[in-house]
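As given, the protein sequences belong to chains A and B, one line each in that order.
Sequential numbering from 669 applies to the first sequence in the working numbering.
Sequential numbering from 669 applies to the second sequence in the working numbering.
Honestly, the hints are just simulated from the structure, not real lab data.
Possibly wrong hints are sitting among the right ones.
Given that identical chains are not distinguished, each listed pair holds provided it fits within a single copy or across any two copies.
Here are the simulated DSBU-like pairs of lysine-lysine, each with C-alpha atoms no more than 30 Å apart in a straight line [to be verified]:
# : residue 1 : residue 2
1 : Lys779    : Lys677
2 : Lys763    : Lys682
3 : Lys779    : Lys765
4 : Lys763    : Lys680
5 : Lys779    : Lys763
6 : Lys682    : Lys772
Chain by chain, the residues:
2 protein chains.
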Amino acid sequence: MFSIGELSKRTKVKVPTIRYYEEMGLLPEAERSSGNQRRYDQAGLERLSFIRHARDLGFSIEAISSLIELQEHPDRSCEAATDIATSQLEEVRTKIKRLRTLEKELNRISKGCNGKGVSEDCYVLASLADHGLCDRDH
Amino acid sequence: MFSIGELSKRTKVKVPTIRYYEEMGLLPEAERSSGNQRRYDQAGLERLSFIRHARDLGFSIEAISSLIELQEHPDRSCEAATDIATSQLEEVRTKIKRLRTLEKELNRISKGCNGKGVSEDCYVLASLADHGLCDRDH
DNA sequence: GTAATGTCTCTAGTGACTAGAGGTTCAAGA
DNA sequence: TCTTGAACCTCTAGTCACTAGAGACATTAC
Numbered sequence: 669m670f671s672i673g674e675l676s677k678r679t680k681v682k683v684p685t686i687r688y689y690e691e692m693g694l695l696p697e698a699e700r701s702s703g704n705q706r707r708y709d710q711a712g713l714e715r716l717s718f719i720r721h722a723r724d725l726g727f728s729i730e731a732i733s734s735l736i737e738l739q740e741h742p743d744r745s746c747e748a749a750t751d752i753a754t755s756q757l758e759e760v761r762t763k764i765k766r767l768r769t770l771e772k773e774l775n776r777i778s779k780g781c782n783g784k785g786v787s788e789d790c791y792v793l794a795s796l797a798d799h800g801l802c803d804r805d806h
Numbered sequence: 669m670f671s672i673g674e675l676s677k678r679t680k681v682k683v684p685t686i687r688y689y690e691e692m693g694l695l696p697e698a699e700r701s702s703g704n705q706r707r708y709d710q711a712g713l714e715r716l717s718f719i720r721h722a723r724d725l726g727f728s729i730e731a732i733s734s735l736i737e738l739q740e741h742p743d744r745s746c747e748a749a750t751d752i753a754t755s756q757l758e759e760v761r762t763k764i765k766r767l768r769t770l771e772k773e774l775n776r777i778s779k780g781c782n783g784k785g786v787s788e789d790c791y792v793l794a795s796l797a798d799h800g801l802c803d804r805d806h
């Protein structure tokens, strides 16, 4: 059994975040020492590692809750879990598309001024003021 | 002069958001009708269009504040504005990189189960539980 | 004149934490 | 055994960029 600080070190999840996950129901309520401090075991560590990995992949707390629920009912696990992962993948792809449009636009804008020094009509500001200067929608 | 609802329609920024921008200092305090309702003119519309366009490009409220300040001091405008746009561009590129790593990972995970039906050991859940199964860091 | 719609301010909620106050417990060394 | 200092506890409030709702007042169309 180890403390919340030790768990934090091993999983690289900050202490207040661990407490927050417990409050949100992602982690079961921890056992306590005689002095009311949280104590964890290997199972707690694995659960938190799962959560951290899923968060790193951009899953919401809600999605992770669903995944955990599925873990606890292995009979109906796989399809639903795949659905969640697939919809997460779709979201990521949508974000990428959007960001690439922005990248092009920002690249165009931020290059507009370069090499000319400080000019009277700033191309950055003009571009932001007038959407019509954009190559495409965003 | 037109109302906040009219401004909202023309800029596609929601009414409470306009009030929020005013509170944050992005918009100057609006003139008021005799009955204390906000009234806007062309200048207000242009300012809000600028803000909306910048927000669409992912600039933070703070960054937009700086850009607006620069607009009001044209003597030192262009370089600083380009800096802001460039750093925004870098952020966008970082996000894209990160998301593409996630995309690969999620793609791998969500395909692990497909076609096999519901299996006993769900690959999605196993992948999330064990970072060691990942191809690379994230 | 009345009814419907728009607008006002104020407070509180969102997601996923983070920071701080003020108090208690633990572990290690003397 | 005692002491010290780090780690821990709970609780409240703050972050960002809005969004939602309550209850009251203004405007507009008929």
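Which of the stated hints cannot be reconciled with the structure, identified by number in ascending sequence?
1
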